[in-house]
Amino acid sequence: MANNPSQLLPSELIDRCIGSRIWVIMKGDKELVGILKGFDVYVNMVLEDVTEYEITAEGKRVTKLDQILLNGNNIAILVPGGPPEDAE
Amino acid sequence: MSGEEDATVREPLDLIRLSLDERIYVKLRSDRELRGKLHAFDQHLNMILGDVEEVITTVEIDDETYEEIVRTTKRTIQFLFVRGDGVILVSPPLRTA
Amino acid sequence: MSGTGEKVTGTTKTPTDFLKSIRGKPVVVKLNSGVDYRGILTCLDGYMNIAMEQTEEYVNGQLKNKYGDAFIRGNNVLYISTVKRTLADGA
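Protein chains in written order, with the working numbering: chain G, 1 to 88; chain A, 101 to 197; chain F, 201 to 291.
Each hint can be trusted.
Computed list of lysine-lysine pairs in PhoX-like fashion (alpha-carbon distance at most 25 Å, straight line): (1) F:Lys284 with F:Lys213; (2) F:Lys264 with G:Lys60; (3) F:Lys284 with G:Lys60; (4) F:Lys220 with G:Lys64; (5) G:Lys60 with G:Lys27.
Incomplete in silico selection of chain F near chain G, CB under 10 Å: (6) Thr216; (7) Leu278; (8) Lys284.
To spell it out: a stretch of chain F is covered by chain A in this simulated footprint if at least three of its residues, at any positions, have a beta carbon under 8 Å from a beta carbon of chain A; those stretches are: (9) 237–245; (10) 249–255; (11) 264–275.
Hints in this document: simulated from the structure, not taken from any laboratory.
Don't be surprised by glycine CBs; every beta carbon is placed ideally from N, CA and C.
With these hints in hand, go ahead and build the complete structure from the sequences.
Here it is, written out as C-alpha cells:
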C-alpha cells in the first residue's frame, strides 16, 4: 500500500508539468488555471495565460492574467493538465 | 540622481527605513488602520508608533432592512507597539524627489 | 529533499527569473483577502515583501485608496501579476 511503484517524487511530478497546463486549487474559494513556467522549493509557481476563478456569494468571478508569480503558501491541490472542462 | 541622504530603495524594508521619524499609515488585519510617527521597526515589521490615531471599521447588517451599516471608531493612543504579523500594508509620507 | 531545479530547459522560468523580469514594471498584487494593488513595482525580497509606487487599492474592483509609496507584507500576498497593455477589465 505504501509502495510507490513509479518512485516519482511529488516535485518530479510538478517538474514534468512545466510547459503544460496546470489546475491549481487554493485553500479557500479560489482556483487558477495556467501554463506552468517554473517553480521553486516552496512551490511558488510562475504561471502564464492564467484564468483565475473566485467563488463568491454573487457567483464565479473570472479574471484573465498574463503572467503571475503565485505564492505557494495557500496552494491545496495541483492537477496536471488543467480542469476537466478543458478537454473539449 | 540621489539626494542628500541615501534615498534609494533596494529592498522593500528600505521604504520603512526611510520613514523613520515620519508619520506613516499602517493597514492592519481586521479592518484596523493606524496613523502615527514611526519610532522603530524590525524585520518582522514589529513597530513602535507614537501619537497614533487608530481607526476601526465595522460593518453590521441591519436585522430588519438588511442594510449594511458601516461604522468607524477612532481613538488616539500616545505610544504603542504593533506586532508585525498583523500588518498588511505600510505607506510612508510622500518622498519628495 | 527536493529534486527541483535540476533540469533547466529553455522554456523554464523560475520564480527568481520572474521577479528579476518585473522590476520597474506595472503589476497587480493580489492579497489573500481579495484586495488588489495596482502600481509600479519598486522591489521585493525573499518573503515576497513588496515595495510599490503609484499604488491604487481596489476592493471588489472599486478604487478605494491611492498611495504614493506602499510596502506590502509578503505573507498577505496571493500573487504578483504582470499587467497587459490593454486596460480591458473583465469585471
